[in-house]
Amino acid sequence: MAIIKVEKLRKVYGKTIAVDDISFEVKKGEIFGMIGPNGAGKSTTIECIEGLRHLNEGRISVMGLNPLSDGYALRELIGIQLQEANLYSRIKVWEALDLYAALYLKTINYDSLIESLGLTDKRDSYVGKLSGGQKQRLFIALALINNPEVVFLDELTTGLDPQARRVMWKLVRDIQSQGKTVFLTTHYMEEAEQLCNRVAIIDYGRIIAIDSPENLVRNLGIDSRIIFTVKESSIIEQLKKIKGVNRVEQRDERMIVYGQSEELVGEVVNILIKNKVYFRNLRTEQPTLDDVFLNLTGREIRD
Amino acid sequence: MRGFKKYLIIEFKLFLREPEAFFFTLIFPLFILLVFGSIYGNQPTPFFGGHGTVDVSVPAYMAIIIGMSGLMNIPMAVATEREKGILKRLRATPIHPRTILLGWVVVYFIVTLAGALLLIIAGKIIYNLRFEGNPISVFLAFTLSTFSFLSLGFVIASVAPTARTANIVGSVVFFPMMFLSGATFPSQIMPESVRRVSDLLPLTYVVKLLQGFWFGGLWEDHLKGIIILLGILIVGVVISAKTFRWE
Chain A
1 MAIIKVEKLR KVYGKTIAVD DISFEVKKGE IFGMIGPNGA GKSTTIECIE GLRHLNEGRI
61 SVMGLNPLSD GYALRELIGI QLQEANLYSR IKVWEALDLY AALYLKTINY DSLIESLGLT
121 DKRDSYVGKL SGGQKQRLFI ALALINNPEV VFLDELTTGL DPQARRVMWK LVRDIQSQGK
181 TVFLTTHYME EAEQLCNRVA IIDYGRIIAI DSPENLVRNL GIDSRIIFTV KESSIIEQLK
241 KIKGVNRVEQ RDERMIVYGQ SEELVGEVVN ILIKNKVYFR NLRTEQPTLD DVFLNLTGRE
301 IRD
Chain B
304 MRGFKKYLII EFKLFLREPE AFFFTLIFPL FILLVFGSIY GNQPTPFFGG HGTVDVSVPA
364 YMAIIIGMSG LMNIPMAVAT EREKGILKRL RATPIHPRTI LLGWVVVYFI VTLAGALLLI
424 IAGKIIYNLR FEGNPISVFL AFTLSTFSFL SLGFVIASVA PTARTANIVG SVVFFPMMFL
484 SGATFPSQIM PESVRRVSDL LPLTYVVKLL QGFWFGGLWE DHLKGIIILL GILIVGVVIS
544 AKTFRWE
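Chains as they are written, first to last, in the numbering used here: chain A, 1 to 303; chain B, 304 to 550.
These are computed hints drawn from the structure, not numbers from a lab. Check the hints yourself; a few may be wrong.
As the list claims (entries may be wrong) - Below are the DSS-like pairs computed for lysine-lysine, each with C-alpha atoms no more than 27 Å apart in a straight line: (1) A:180 <-> A:28; (2) A:180 <-> A:106; (3) B:309 <-> A:135; (4) A:135 <-> B:316; (5) B:387 <-> A:129; (6) B:309 <-> A:15; (7) A:5 <-> A:106; (8) A:27 <-> A:243; (9) A:28 <-> A:15; (10) A:92 <-> B:545; (11) A:243 <-> A:28; (12) A:8 <-> A:180; (13) A:28 <-> A:92; (14) A:15 <-> B:545; (15) A:274 <-> A:241; (16) B:308 <-> A:106; (17) A:106 <-> A:27; (18) A:27 <-> A:241; (19) A:92 <-> B:316; (20) B:387 <-> A:135; (21) B:545 <-> A:129; (22) A:5 <-> A:28; (23) A:170 <-> A:135; (24) A:135 <-> B:308; (25) A:240 <-> A:276; (26) A:129 <-> B:308; (27) B:387 <-> B:545; (28) A:170 <-> A:241; (29) A:106 <-> B:545; (30) A:27 <-> A:92; (31) A:92 <-> B:387; (32) A:5 <-> A:27; (33) A:180 <-> A:129; (34) A:135 <-> B:545; (35) A:92 <-> B:308; (36) A:276 <-> A:241.
Unchecked claim - Some, not all, of what chain B presents toward chain A, calculated at C-beta under 8 Å: (37) 401; (38) 405; (39) 431; (40) 433.
Note that beta-carbon positions come from the ideal geometry of N, C-alpha and C, so glycine has one too.
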């Protein structure tokens, strides 16, 4: 069931086309990601859906509401974390939640949010004194204060260190497990692969691919690689015969098997064991969304 | 107006936590009253038509606070909240812009009033301040003047692209008025040429209005000032309502 519908959305700033005729749907309960480089049109799209921007052309519906004409009603039902927004620096964490709770018809107890987002120690701290990760957790808390159906997260983890980023990922999964729908944008491909049920890849204001990360990668037709260390090289001919193997390379003691079958790892390991070949350090390298982006656009994603 | 009360309380707390605004609106006027009061005392003098220096200064300094609130504090508060994305975040909730605008007006009106009351209390206790007017008239004139200047502040905030420019524009408008309107130095000591400039400044009418009512003046004697301030208020409200920006 589609909870968000975007049809032929177009948004122009002066002469710059920020979003150019994009259409997609977000299903209830999924984590939907919009990925692409900075300036690709992600924030513009998400802010149009949130009702914070006027659109030039197209139609958007969120839970059957028009984000612009039903803006106040819609914002009762959705939670928003914005990329470029802030709170007063001299407001305390609990005061911010207390204030935002007062702005909605229906809210949940903010102390439970403070606890579940790990902000208990920071309850009485000024927002200006929080670390980047703590601040983002507070922004998540604010986005959840009205117990929303859909949560919008715009570049949630940008600027965070890897550890804080992992904490965020867990929080986002927790949101989904409460039955909420999550719409997020990111320019970290890894983040999209970790979190999203489906992603839309956007570049220069257009959606160039939309599917689950697994399907996008599978449809790419790029080989996975199985890499391991082995002393003897006589096994190479047998490895080449495995179904789905395209190429086998050996550099000193390192063997690399290129191929595209689902059972590739199993087959390779099977052959090695059957022939009593001693191997170690076996690992696989799968193509990633980065490869998908590179393949679709001919360039690396810019950070 | 859901959330208005909480919003108001937060804006008050933030004002009290902002040392600069707090100092300039509440402490600084008191400080100049003490400086000039200790120099000149409050003996009636023919120079001020039989009133003392403090008697004349208290309503004049009230005008300074009004100017400061409207031209310095409001542009700074509004432009800063806009520039930092605080308004943008609020907009992502069901809050209505009028809740936010009214919140600022109420907070800065009360702050301005508090500054004025502090002056009156200090004047009364230390210099035996004399009052010969009708308190209601003074309060009404004070209210009109404050709203008028707050609306000017919103216009400045709307026009200025950043908080820095808002601060600069506010200062450029405020400081000449502070010195030339008779708020700091009595107009009696100004040469005729300066007085002509002073007649063009809105704050001059605030000083005249407050001093006039302080000593029992009548509304019909101040029609020009009232019309000017009312005009500024109406134009200011219309412009700021039309040009209000969230980001």
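Hints, one by one, checked against the model:
1. A:180 <-> A:28: Cα-Cα ~8 Å, so holds.
2. A:180 <-> A:106: holds (16 Å)
3. B:309 <-> A:135: holds (21 Å)
4. A:135 <-> B:316: Holds, because 20 Å separates the two Cα atoms, which is no more than 27 Å.
5. B:387 <-> A:129: holds (16 Å)
6. B:309 <-> A:15: Violated, at roughly 42 Å.
7. A:5 <-> A:106: Holds, because 25 Å separates the two Cα atoms, which is no more than 27 Å.
8. A:27 <-> A:243: It is violated: about 37 Å lies between the C-alpha atoms, which goes past 27 Å.
9. A:28 <-> A:15: violated (35 Å)
10. A:92 <-> B:545: Cα-Cα ~32 Å, so violated.
11. A:243 <-> A:28: Judged against 27 Å, a Cα distance of about 40 Å means the pair is violated.
12. A:8 <-> A:180: holds (25 Å)
13. A:28 <-> A:92: violated (34 Å)
14. A:15 <-> B:545: Cα-Cα ~25 Å, so holds.
15. A:274 <-> A:241: holds (15 Å)
16. B:308 <-> A:106: holds (17 Å)
17. A:106 <-> A:27: Status holds; Cα separation ~24 Å.
18. A:27 <-> A:241: Outside the cut-off at roughly 43 Å; violated.
19. A:92 <-> B:316: With a Cα-Cα distance of about 10 Å, the restraint between residue 92 of chain A and residue 316 of chain B holds, given a limit of 27 Å.
20. B:387 <-> A:135: holds (14 Å)
21. B:545 <-> A:129: At roughly 36 Å apart (the allowed maximum being 27 Å), residue 129 of chain A and residue 545 of chain B break the hint.
22. A:5 <-> A:28: holds (11 Å)
23. A:170 <-> A:135: This hinted pair holds, its Cα atoms lying about 16 Å apart.
24. A:135 <-> B:308: Distance of about 25 Å is within 27 Å: holds.
25. A:240 <-> A:276: holds (17 Å)
26. A:129 <-> B:308: Since the Cα atoms of residue 129 of chain A and residue 308 of chain B sit roughly 26 Å apart, the hinted pair holds (cutoff 27 Å).
27. B:387 <-> B:545: holds (21 Å)
28. A:170 <-> A:241: violated (42 Å)
29. A:106 <-> B:545: violated (31 Å)
30. A:27 <-> A:92: The given pair, whose Cα atoms are some 36 Å apart, is violated under the 27 Å limit.
31. A:92 <-> B:387: holds (17 Å)
32. A:5 <-> A:27: Answer holds: residue 5 of chain A to residue 27 of chain A is near 9 Å, not above 27 Å.
33. A:180 <-> A:129: Outside the cut-off at roughly 30 Å; violated.
34. A:135 <-> B:545: violated (33 Å)
35. A:92 <-> B:308: With Cα atoms ~17 Å apart, residue 92 of chain A and residue 308 of chain B stay inside 27 Å; holds.
36. A:276 <-> A:241: holds (17 Å)
37. 401: Status violated, d = 12 Å.
38. 405: Result: violated, 14 Å to nearest chain A Cβ.
39. 431: Cβ of residue 431 of chain B sits 39 Å from chain A, so the hint is violated.
40. 433: violated (40 Å)
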